[in-house]
Structure formats: C-alpha cells, structure tokens
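J.: For the sequence shown, my numbering gives the first residue as 2, with consecutive numbering after it.
Calculated from the structure, these hints are not laboratory results.
Among the hints, erroneous ones may be present.
Heads up, simulated SDA-like pairs for lysine to any residue below, C-alpha to C-alpha not over 25 Å straight-line [unchecked claim]:
hint: 1; residue 1: Lys31; residue 2: Ser168
hint: 2; residue 1: Lys28; residue 2: Val55
hint: 3; residue 1: Lys28; residue 2: Ile41
hint: 4; residue 1: Lys81; residue 2: Pro33
hint: 5; residue 1: Lys205; residue 2: Gly56
hint: 6; residue 1: Lys28; residue 2: Asp50
hint: 7; residue 1: Lys23; residue 2: Leu58
Pairwise CB distance ranges, derived in the manner of DEER restraints [what the hints assert, rightly or not]:
hint: 8; residue 1: Arg175; residue 2: Asp50; range: 41 to 47 Å
hint: 9; residue 1: Gly120; residue 2: Lys205; range: 35 to 41 Å
hint: 10; residue 1: Gly56; residue 2: Arg170; range: 42 to 48 Å
hint: 11; residue 1: Met105; residue 2: Gln147; range: 38 to 44 Å
hint: 12; residue 1: His202; residue 2: Gln147; range: 28 to 34 Å
hint: 13; residue 1: Asp88; residue 2: Asp128; range: 33 to 39 Å
hint: 14; residue 1: Val86; residue 2: Arg109; range: 22 to 28 Å
hint: 15; residue 1: Ala187; residue 2: Phe138; range: 22 to 28 Å
hint: 16; residue 1: Val86; residue 2: Met133; range: 48 to 54 Å
hint: 17; residue 1: Leu177; residue 2: Gln59; range: 42 to 48 Å
hint: 18; residue 1: Lys208; residue 2: Arg175; range: 18 to 24 Å
Note that the structure is a prediction, hence the values are computed from the model and not measured.
The beta-carbon is built from N, C-alpha and C at its ideal position, and this holds for glycine as well.
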Amino acid sequence: MNVLGIETSGQTCSVAVVNEEKLLAEKSMKGPRIHSIRLIPLIQEVINDAGLEVGQLQGVAVSYGPGSFTGIRIGVATAKIIAQVLDIPVVGVPSLEVLAQPLMGSARLVCPLVTARKGEVYAALYDTSGDMPVIVFGPAALELDQLVGLVRSTRRPFLFVGEAARSCREFLRRQLGTVPDLAPEALHDPRGAVVAELGLHRLKDGKGSRAEELVPEYVRLSSAEANWLKRNQGE
Numbered sequence: 002m003n004v005l006g007i008e009t010s011g012q013t014c015s016v017a018v019v020n021e022e023k024l025l026a027e028k029s030m031k032g033p034r035i036h037s038i039r040l041i042p043l044i045q046e047v048i049n050d051a052g053l054e055v056g057q058l059q060g061v062a063v064s065y066g067p068g069s070f071t072g073i074r075i076g077v078a079t080a081k082i083i084a085q086v087l088d089i090p091v092v093g094v095p096s097l098e099v100l101a102q103p104l105m106g107s108a109r110l111v112c113p114l115v116t117a118r119k120g121e122v123y124a125a126l127y128d129t130s131g132d133m134p135v136i137v138f139g140p141a142a143l144e145l146d147q148l149v150g151l152v153r154s155t156r157r158p159f160l161f162v163g164e165a166a167r168s169c170r171e172f173l174r175r176q177l178g179t180v181p182d183l184a185p186e187a188l189h190d191p192r193g194a195v196v197a198e199l200g201l202h203r204l205k206d207g208k209g210s211r212a213e214e215l216v217p218e219y220v221r222l223s224s225a226e227a228n229w230l231k232r233n234q235g236e
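Produce the entire structure from the sequences given, and follow the hints as far as they go.
T.: Here it is, written out as structure tokens:
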C-alpha cells in the first residue's frame, strides 16, 4: 500500500510516501506561512521521487491537530481533495503522536509540547515502551502552571519533545527544581514520514474514512470561532 503523509501542523511542511516495506521519498521545508506556497509542489515532488504516478497512491494520512489552525486547515483540506479525487481512504493522525513515535522504546513518558495561543501549550503524554505510542493523557491545551501540575502529579520520568519543549525548559527548571530531559534536537520537528507510517498502520487496521468524514482536531476554538460565539451568545 502506497501512502502519502502530510505534515503541516506547525512551521514544518513535510511530505512523504511510504509502503509496507520502506520510506520511498520525503521532503521537508520550514518557515512561516510556507504551507500555502510549497505543499502542493512538495507532494508532486515526493510522488515523482518515489517513482510513482499520483494514481498509484492507495491512501492519504494527514497530521490533523492540535497545532497551528491555519496549517492544519491547509493540510486537512489538501488531503481530503486528494482522497476525493482519487477515491481512496484518508486518515487523520494526531500531531502530538507524530512527535512521540520516533521515541519508541523510551522507558520514560514522552510529553510532546507545541505552542498554542494565549501563553498555553498543547500537550499529551504517551507511553512509548511498546510497539506504538499509547496515549496516557490529552491532548489538551494547558497553561504552563497546569503543565507543571501534570508533571508533578504523574510522578514518572518525563522526556519532552517538540518546539515548545525548548522554549519551556527554563520555566520547567525553575518550577520543578531540575533540568527537564529533552529529546535530541533533530526530533523536535514533526516529519511527514512518521505521519505516513502511522497512517499506514491505521489504514491497514481499517480506520480510514471517506474524505468528507475527516475533520481537524483543534482541541480548542480558534480566535475567530471564539469571537463569533461571543458576538452570538445571546441569540
């Protein structure tokens, strides 16, 4: 099964094609507002690099949140269009799981952290001791004090990963009294290859859906949605 993976939940735009045997091709770029410009060309490039025609894709996987509202919308919309045009299944993969999966085999709980709005972070906890990440907590949008409370209450060793893990490290050190352990630098940016691999497992398990059934996982309302509710809450 040839599966296209799309990652646009943050500043990294990453696309890959995998099958049951190996990674066929992957391309990544990083930068603000890059998804609307480079996503479609990257998809065509990785399909060509994989030695395939577009019609040979048999599934699409997309990182569907939480993360950047704009990035998620672009990625999910693109995945749905491809799935609809080719009449193939599409599957959403949690963005925080994409960060946790490369750390499989860790004896510690893995805590992906991604910057949210209003001083919050998107966070989750995964047990990565087995073959696939197992969710223990979340995903949730947490204030930093809530994140500290989560760490203290869990009482198990943590390994932090994700772009917000680096920026939160000093705050966590001050609050916890110890320097938090971070994943290797190369693992803080999510990869399309991981999205494709996780999507492949889900598709083989029959968890794919039709394009119109896939919806993003924002975890909380966007600013535009929140403002709309405030304006219309009396109606």
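J.: Indicate, hint by hint, whether the structure satisfies it.
T.: Now for the hints, and whether the structure bears them out:
The hinted pair formed by Lys31 and Ser168 meets the criterion: a straight-line CA distance of about 18 Å does not exceed 25 Å. With a C-alpha separation of about 16 Å, the suggested pair Lys28 and Val55 falls inside the 25 Å cut-off, and the hint holds. Between Lys28 and Ile41 the CA atoms are separated by roughly 12 Å; this keeps the pair inside 25 Å, and the hint holds. The suggested pairing of Lys81 with Pro33 holds, with an alpha-carbon distance near 23 Å, which does not exceed 25 Å.
Distance hint between Lys205 and Gly56 is fulfilled; the C-alpha atoms sit about 19 Å from each other, no more than 25 Å. Restraint check for Lys28 and Asp50: the C-alpha separation of about 10 Å stays at or below 25 Å, so the hint holds. As the CA atoms of Lys23 and Leu58 are separated by approximately 15 Å, the hinted pair is consistent with the 25 Å bound. Distance hint check for Arg175 and Asp50: the Cβ-Cβ separation is about 46 Å, which falls inside the suggested range of 41 to 47 Å.
With their beta carbons about 40 Å apart, Gly120 and Lys205 fall inside the hinted range of 35 to 41 Å. Distance hint for Gly56 and Arg170: a CB-CB separation of about 46 Å, consistent with the stated range 42 to 48 Å. A hinted range of 38 to 44 Å is violated for the C-beta pair Met105 and Gln147, which are about 27 Å apart. A C-beta distance of roughly 31 Å is found between His202 and Gln147, which places it inside the suggested range of 28 to 34 Å.
Between Asp88 and Asp128, the C-beta spacing of about 37 Å keeps the proposed range 33 to 39 Å intact. One distance hint, 22 to 28 Å for the beta-carbon pair Val86 and Arg109, is violated here, with the actual separation near 43 Å. Between Ala187 and Phe138 the Cβ separation comes to about 25 Å, which falls inside the hinted range of 22 to 28 Å. Between Val86 and Met133, the C-beta spacing of about 30 Å breaks the proposed range 48 to 54 Å.
Distance hint check: the CB atoms of Leu177 and Gln59 are about 46 Å apart, consistent with the given range 42 to 48 Å. Between Lys208 and Arg175, the C-beta spacing of about 42 Å breaks the proposed range 18 to 24 Å.
In the structure shown, a violation is registered for the earlier hints numbered 11, 14, 16, 18, in ascending order.
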